[in-house]
Amino acid sequence: MPSHGIKGQVAIVGMGCTRFGELWDKSADDLMIEASDEAFASAGTGKDDVDAYWLGTAMSGMSGMTLARPLQLRGKPVTHVENFCATGSEALRNAAYAVASGAYDVAMAVGVEKVKDSGYQGLNASGAATDGTGRTLTAAAMFSLVAPSYAEKYGVDPDEIKEVLARIAWKNHFNGARNPRAQFRKEMDRDAICQAPAVAGRLGLFDCAGVADGAAAAIVCRAEDAHRFTDSPLYVHALSFVAGAGTGSLDPDYDYTTFPEVVATARDAYDQAGITDPRRELAMAEVHDCFTPTELVLMEDLGFAERGMAWKEELAGTFDLDGDLPVNPDGGLKSFGHPIGASGLRMMFECWLQLRGDAPEQRRIQTDSTRALTHNLGGYPGEMVSFVSILGTEPG
Amino acid sequence: MRGIISYGAYVPYQRLRREAISAVVGGAPGRGARSVASYDEDTTSMGVEAGRLALRSVNRRVDPRACWFATSGPAYLDKTNATTIHAALRLDRDAAAIDMGGAPRSGMGAWRAALRGDGPTLVVTSDIRTGLPASVDERDGGDGAAAVLFGGDDDGAVVAEHLASASTTEEFLDRWRLPGESRSQLWEERFAETRYPPLAEQAWGEALKRAGLAAEQVDRVVLTGLHARSVRRVARGLGVGKEAFVDDLSATVGNTGTAHPGLLLACALDGASPGEVIAVVSLADGADVEVFRATDAIEAFAPIRTVAAQIEAGSDALPYGKFTNWRGMLPIEPPRRPPPDRPAAPPSTRAEDWKFAFVGSRDRSTGALHLPPQRVSWKGGAQDEMDPAPMADVPGTIASFTVDKLAYSPSPPIVFAVVDFDGGGRLPIELTDVDVSEVAPGDRVEMTFRRLFTAGGVHNYFWKARPIRG
Chain A
329 MPSHGIKGQV AIVGMGCTRF GELWDKSADD LMIEASDEAF ASAGTGKDDV DAYWLGTAMS
389 GMSGMTLARP LQLRGKPVTH VENFCATGSE ALRNAAYAVA SGAYDVAMAV GVEKVKDSGY
449 QGLNASGAAT DGTGRTLTAA AMFSLVAPSY AEKYGVDPDE IKEVLARIAW KNHFNGARNP
509 RAQFRKEMDR DAICQAPAVA GRLGLFDCAG VADGAAAAIV CRAEDAHRFT DSPLYVHALS
569 FVAGAGTGSL DPDYDYTTFP EVVATARDAY DQAGITDPRR ELAMAEVHDC FTPTELVLME
629 DLGFAERGMA WKEELAGTFD LDGDLPVNPD GGLKSFGHPI GASGLRMMFE CWLQLRGDAP
689 EQRRIQTDST RALTHNLGGY PGEMVSFVSI LGTEPG
Chain B
-7 MRGIISYGAY VPYQRLRREA ISAVVGGAPG RGARSVASYD EDTTSMGVEA GRLALRSVNR
53 RVDPRACWFA TSGPAYLDKT NATTIHAALR LDRDAAAIDM GGAPRSGMGA WRAALRGDGP
113 TLVVTSDIRT GLPASVDERD GGDGAAAVLF GGDDDGAVVA EHLASASTTE EFLDRWRLPG
173 ESRSQLWEER FAETRYPPLA EQAWGEALKR AGLAAEQVDR VVLTGLHARS VRRVARGLGV
233 GKEAFVDDLS ATVGNTGTAH PGLLLACALD GASPGEVIAV VSLADGADVE VFRATDAIEA
293 FAPIRTVAAQ IEAGSDALPY GKFTNWRGML PIEPPRRPPP DRPAAPPSTR AEDWKFAFVG
353 SRDRSTGALH LPPQRVSWKG GAQDEMDPAP MADVPGTIAS FTVDKLAYSP SPPIVFAVVD
413 FDGGGRLPIE LTDVDVSEVA PGDRVEMTFR RLFTAGGVHN YFWKARPIRG
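Note that the protein sequences, when read in sequence, are chains A and B. This note's numbering numbers the first residue of the first sequence as 329 and each following residue consecutively. This note's numbering numbers the first residue of the second sequence as -7 and each following residue consecutively.
Some clues are possibly wrong.
[Said to hold, decoys possible] With a straight-line cut-off of 27 Å between C-alpha atoms, the simulated DSSO-like cross-links for lysine-lysine are:
1. K354/A <-> K481/A
2. K354/A <-> K335/A
3. K314/B <-> K514/A
4. K514/A <-> K640/A
5. K481/A <-> K371/B
6. K640/A <-> K481/A
7. K354/A <-> K444/A
8. K397/B <-> K481/A
9. K404/A <-> K354/A
10. K234/B <-> K490/A
11. K444/A <-> K371/B
12. K397/B <-> K314/B
13. K514/A <-> K481/A
14. K375/A <-> K354/A
15. K335/A <-> K444/A
Note that these hints are calculated values from the structure, not bench results. None of these values were measured; they are calculated from a predicted model.
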């Protein structure tokens, strides 16, 4: 993919992230103010010194005024972006390009979602007027097609796959239990995970990400300006984004065991960052574990495991907090929760904490690497948007 | 020679065993089962299925000049339901589509009009018959549809020549229903039992006279009506032997009201030999008689699916609670998901061929199929190089499936499959008429026209896949 990237040109100099959860007492405004204030404080700056804003939200408001009004931003450009569940990443990506272009010196990305005010379980999107022929399935049902296909393709017993998926959920709950900002802070017994009621196909309740309210924010500037704000910035080594053409639902050859959009963004991001062996070169990864089979397939699509081998690596603990390559050390969508517009920035927030040595000791990863990956997707198998970033403490 | 060119009858997959009714509401256990329109079926969607069978059973394509739809249970008032059938069957734009609604007799009226008209005319009759729990109508009614394609020699091979018609009429209260009510009311049955026999005998005699036939020359008699006692009494007075009467399907389907003459005629034609005289006698606010004679062409006629095969393929596992829920008698707690939006009129019209007739597009250069149709090909990227790809009659195979226990459905859970169509093309789509414990990758499926849900007073019609049976 012909993408030049902005390696080393942009730095994240401040970040904030609220607690995620069923925050009945907080509005979207409260969450945006809280995440922004933390980001301002960590960069030692204020709202007037930020030149331009990008707001990511999928369903909690329209237009830049959704952010400008609660923060009382005066005369500032605020751009509202939406790109399914990768909305938060999209906000950061646009803010980063804005400062890289020289159009602005300092920009901020804020992601927020207030999903628990709808009165319904799960996520609920409503869109344009239609002819009524579109699918009305839940995301859980679409992703439940993955595990059986994977099991068949690689000759793994479906019950064994269920164990693998339970271990992914168990791992992310283990990590989330060590994260004061996470929605679910309880370790889960693997048997209990397996025995949870089915939601779709063989996917049980604990195979699904938490549905949460929350917000996260990041302040970016050009790399050469970073030390005006902080002694320990995080440099943007790669940003890659693909919006799929939806061919997976048309193409009889698509087999639900891989996400081509993810493969494309991973390849592009590694090219931008000059990474050839992600498993060795990365300190950690935050990936879009909306459902446990998603994380399983992502390990292969992102090049962390050979094709057909991720299930063994999961069982071997490769992606545990103390494993070869820790994945979702903050608990992931699974236990941190998934406020759509905030999740992509939340993933970067964990990189911000871990790579700079600020993560709480009980979940701090041990590594000599200086770079981390975030992966954020939206949509369904065969028809999704995908985002990959590489962030590092060295300018690159 | 004007007569019948083709026909098709549709019996829904679901059956309710009559003893399942008495197990809940008491009374003597009934025998046999009745057919039940599923939660995603209505008189229009069943009419589409019958119409598809009628048009597909003809050797060469016939384009009806008119589609007349009769039902006592129209899905819409004010809006014509026949236009939905017209769209689903892809009838010509200059073919009329007209409803004849209200009383079951309108079905025979539509036949009569088609027989006297010119050009190929498709008459679709359809009904969902029920009443309050424990009622006779609930027990003895049935749901189904029939379609008869009438026309002349110029329109196609006539398989049954029309010989004569006759009708009698009298104003009396037998059965009636106020608009919007869920049950019919009946006068004391012994009253109508004095009215129907003379009406039937007069029409029968007149029809035979016009056909130049004696009663004993009639080989098969379809005798039907919702007034069961009168039907039994009239049967004794027609002067034909017991063996001539076509089974009324009361044990396996029930009385499908407006659709029943067509359904039973389909049974008769399914087994007819050349030269056989078949008379249809319908008792409804009078009597209507139509007399046909099977031609030599009946031998070459092969129905896509016989009534017997559909009766055989049904499932009688439907619990009574689900039946009463489907009929609106027993509301249940909906899933905690937002109800769907109503389909919007302009996009539905723009997508008419897709939504109502399941027509995708096929890239001329690569053959890549697009469901729904697209202008730019997913394979090769050619733009506006597509041909319409009618897929309603193309079977497919289940590549993968799942069960969604959380998504909104009028009757959860949703069973959903990735379907690969014969000859190429894929669509992930909802399954219907399935027992989820019996679904497996590799299963063969066919498309069926359904009402997905009703939102904001708008019925959302589209297609689902169902296992191929029979």
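Consistency of the hints with the structure:
The suggested pairing of K354/A with K481/A is violated, with an alpha-carbon distance near 46 Å, which exceeds 27 Å. For the proposed pair K354/A and K335/A, the alpha carbon gap of about 37 Å is over 27 Å, so the pair is violated. Between the alpha carbons of K314/B and K514/A the distance comes to roughly 40 Å, so the proposed pair goes past 27 Å and is violated. At roughly 25 Å between alpha-carbon atoms, K514/A and K640/A fall within 27 Å of each other, so this suggested pair holds.
Taken as a hint, the K481/A and K371/B pair is honoured in the structure, with Cα atoms around 25 Å apart against an allowance of 27 Å. About 15 Å separates the Cα atoms of K640/A and K481/A, which keeps this hinted pair within 27 Å; it holds. Restraint check: the Cα-Cα separation between K354/A and K444/A comes to about 10 Å, which is no more than 27 Å; the hinted pair holds. For the suggested pair K397/B and K481/A, the alpha carbons sit about 26 Å apart, so the restraint of at most 27 Å is met.
Between K404/A and K354/A the CA atoms are separated by roughly 25 Å; this keeps the pair inside 27 Å, and the hint holds. Straight-line distance between C-alpha atoms of K234/B and K490/A comes to about 63 Å, which puts the hinted pair past the 27 Å bound. For the given pair, K444/A sits about 41 Å from K371/B by alpha-carbon distance, which is inconsistent with the 27 Å threshold. Distance hint between K397/B and K314/B is fulfilled; the C-alpha atoms sit about 17 Å from each other, no more than 27 Å.
A threshold of 27 Å between alpha carbons decides the hint, and for K514/A with K481/A the separation of about 34 Å lies outside it, so the pair is violated. Annotation: proposed proximity of K375/A to K354/A holds, straight-line Cα distance about 21 Å (limit 27 Å). Only pairs whose Cα atoms come within 27 Å are accepted, and K335/A paired with K444/A is rejected, the gap being roughly 38 Å.
Of the numbered hints stated above, those contradicted by the structure are hints 1, 2, 3, 10, 11, 13 and 15, listed in ascending order.
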